[in-house]
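Number of protein chains: 2
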Amino acid sequence: MNTTALIMAGGRGERFWPRSRRNLPKQFLSLTDDGKTMIQLTVERILPLVKMEDIYIATNKNYRDLVRSQLPEIPEENILCEPVGRNTAPCIGLGAAHIGKKYEDALMLVLPSDHLIKFNNMFLSALRAACQVAGEGDNLVTLGITPTYPETGYGYIKFNPHATLGAAYEVERFVEKPTLEVAKEYLETEEYLWNSGMFIWKLSSIWKNLGKYMPETCSRLKTIAAAIGTPEEETVLEREFAAMPSVSIDYGIMEKAEHIYTIPGTFGWDDVGSWLAVERIKKTNEDGNVVNGNVITIDTHNCIIQGKGKLIASVGLRDLIIVDTDDAILICEKHKAGDIRKVTENLKICNRDEYL
Amino acid sequence: MNTTALIMAGGRGERFWPRSRRNLPKQFLSLTDDGKTMIQLTVERILPLVKMEDIYIATNKNYRDLVRSQLPEIPEENILCEPVGRNTAPCIGLGAAHIGKKYEDALMLVLPSDHLIKFNNMFLSALRAACQVAGEGDNLVTLGITPTYPETGYGYIKFNPHATLGAAYEVERFVEKPTLEVAKEYLETEEYLWNSGMFIWKLSSIWKNLGKYMPETCSRLKTIAAAIGTPEEETVLEREFAAMPSVSIDYGIMEKAEHIYTIPGTFGWDDVGSWLAVERIKKTNEDGNVVNGNVITIDTHNCIIQGKGKLIASVGLRDLIIVDTDDAILICEKHKAGDIRKVTENLKICNRDEYL
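Listed in order, the protein sequences are those of chains A and B.
Going letter by letter, the first sequence gives residues 1 to 356 in full-length UniProt numbering.
Going letter by letter, the second sequence gives residues 1 to 356 in full-length UniProt numbering.
Just chain A, with the same shape it has in the complex:
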C-alpha cells in the first residue's frame, strides 16, 4: 500500500511575534541553525518514507505562494487551500478527499508543519511501526511523546500498558491540558504520553470513522471529493467547506472512535510553542544565553537574543527574550512569553496591521 502524507500548514501562530507575522507564520520561519524553515524540515524528514509527489500540504490561500517558494518540489496540485479555517477534522478530510483521487486506498500520515524533531531516524522508526499498525483493520494510530517533565500546555494520551499491538499500545482516552498537580501524577504513572497531533491511518479507516462520528461533515467532504477536477471544484469547495463546523480531529473522532493505538516515541520532539523553545533547539553559550546576530552581552545570563543587522548591547540582564526585526523589537521577560499575544492584541485593537 502506498504511503502518503498530509502536512497541515494553515496555522497563524502569533507566539513568535515579531518574527512571525500574519503573512509569515511560524511554519515558514527558520528557527534552527541550518537555515531551513519548519515546513521544509517537516517534508525533508519524511522523504525516506513518502515520495515527494505523495506529500500534500493543506494551507490557506494567503500562504500558497510561501509554500510554493519554500517547497518547489511539491506538485502544485498537492497544495490544498482551505477556503476558511475549520480546525483539523475538515482539513484532514480535504486531504483524504484529494489523496483518494490518486489512490483507492493508501496509508496517510497527518503531520503538523511547525514541530521540530531532533532524532529523525527514531522518528522514522516510529512512523514505520505506526504504518504497520495502521495497515491492519481500521486502526487509527497517533504518535505519543514520552513526557520528560509535567508540562501543562499539552494534551495527554492515556494508554493501556497491557494491551499492545506490535509496537503500539491501545489508547484508553485523550485528556485535556492538565493542572501541574495532575501532570505530575501522569508523569509518575508512566501510562500517559503527550499528544503530538501526528496521526497515521488508511484513507478507508478515516472515511469510515468520519462517516460514523461526523456524518454531516463526511457527506460534505464527499461532495467536495466528487467535484475535484471538475469546473465546479472551487465553488463546491468554498460552499461545502464553509458549511462544516469547526472541529478538531481529536474531539471529532479520536476521543470517540474505537481501535485507537499510540506509538510512544522519544525522538526529540518539540512543538516549538514559544520563543522559549529556542533555548532547547539551539546551543546556549557558557553564560546560558542563546545569541544570534550582532550582539554584545555584558553580565547577561540565560537570555535569548535574536538580532538582525542592528547591534544589540545587553548589560546586566537575566531571563529575557530579545528579538529584533526590521520594524519591531520585542523585549520580554521569559516567564511572560505567554503574554506576547497581548502585544498583538493591542496592535489589532489599534488597527496597526503593518505590525501583525
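Honestly, the hints are just simulated from the structure, not real lab data.
In this text, all values refer to a predicted model and were calculated from it rather than measured experimentally.
Treat the hints with care, as some may be off.
[Claimed, not checked] Computed list of lysine-lysine pairs in BS3-like fashion (alpha-carbon distance at most 25 Å, straight line):
(1) B:Lys308 with A:Lys342
(2) B:Lys334 with A:Lys336
(3) B:Lys308 with A:Lys308
(4) B:Lys282 with B:Lys336
(5) B:Lys336 with A:Lys336
(6) B:Lys310 with A:Lys336
(7) B:Lys102 with B:Lys212
Given chain A's structure and the hints, the job is docking chain B onto it.
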C-alpha cells in the same frame, strides 16, 4: 565690570551610549521634552546675565561644527578649540586668555555644558550673588549644590557655616567622592555641598592664582594669549597647549588657593550623569515608565524606554533602560547603568569604531 562666560563643551561622555557617540557627545543631545540640546539650554539659561557676544565655548576641533550649528548666535571667534584634551585648568586658562583680549578685567562664569537646571531664576540669583562675592578682592567662588541624598558619585565641598561673605560661605576644603557611609555623615552635618563644577571669578583673580599655583601652565597660557590674533596663533596654541600637564581646576587651584567661597544652591541641578537621569528629568507615567517613541508596554514597570521609529514592545519588564538608535539598541538593567562603558570598551577593543 562686564560679565562673561566660558562654557566647557569638550567632553566625550560615553554614558549615554548608544545615543551619545564620539561625534555627538551628551552636551549636543536633547534629553528634555523641549527638544533643545544641553548646550543650547546652558547658553539660554545665562542670557539674562551675559550678552551673547560675551559667551565663549571651549571645545575641540571635532565639535566646532556642532557648536556652530547648534549655537549660530555665538560669534565664531568665541568658539575656542583645544588642540588636545588637558582637563579643566588649561581649558579655563585658554578661555581667560581669549576673554582678556576683549576686556582688561571681567567677571568670568565657568560652566559645564551638559548639566540641567530646573529652576532658572533661582540659578540666576545664585550666579548674581556669586558675581558680587567674586567682584571683591581675588575671591574664587564656586556654586555648591545642597545635597538631597548621600550621592557617592560626586565630590563634596566642606564650608564653614560661621564664615560668610554676602550669600557665600568660606570653603574649608574640597573632598573626593565619598563612600556611602561618609556621604551619609556629610548629609547629616549640613556643612557639605555637592561640587557642581561651576565657578565665578575675575580674570585678574584666576590669573593671579594660576601664576601662584600653576606657574608653568600660567606662563604657557600667557604665551598663547600673546599670540592670539597673530599669524602664529595656531602654531603657538598647538605647541604650548600640548606641553601643559593635564590638571583639573579643582586639583590645580581650588584645593590649594585662599579666598575660596561657595554659594549654596537648590535650583534643581542635575549633572545628567547617566540614562537614569531621564527619570528625574522627564515625567514618568502611572506605571513608573518614562517612554518616548513608538512603544507598547505590557506589564512593564519603572523602565526607561527611548524609541526611534521602530516599534518597541515590552512584556513583563522591570527596571530596564532600553534605548534604540538607527544602528544600535541598548538594553540595560537600571542598576548596571555604570557598566554601559563596558560596551563601549568592548567596541573599542574590537575596532568597531562605527558604533563609537
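Would the hint linking Lys102 (chain B) and Lys212 (chain B) be met if the CA-CA limit is 25 Å? Within the cut-off at roughly 24 Å; holds.
Given the hinted pair Lys334 (chain B) and Lys336 (chain A), is their Cα-Cα distance within 25 Å? holds, 20 Å
Need the status of pair Lys310 (chain B), Lys336 (chain A): alpha-carbon distance at most 25 Å? holds, 22 Å
Next pair to validate is Lys282 (chain B) with Lys336 (chain B); report whether the Cα-Cα distance is within 25 Å. Holds, at about 20 Å.
Against the 25 Å threshold, does the CA-CA distance of Lys336 (chain B) and Lys336 (chain A) hold or violate the hint? Answer holds: Lys336 (chain B) to Lys336 (chain A) is near 23 Å, not above 25 Å.
Compare the distance between the alpha carbons of Lys308 (chain B) and Lys308 (chain A) with 25 Å, and conclude whether the hinted pair is satisfied. holds, 16 Å
Next pair to validate is Lys308 (chain B) with Lys342 (chain A); report whether the Cα-Cα distance is within 25 Å. holds, 22 Å
Checked against the numbered hints given earlier, this structure breaks none of them.
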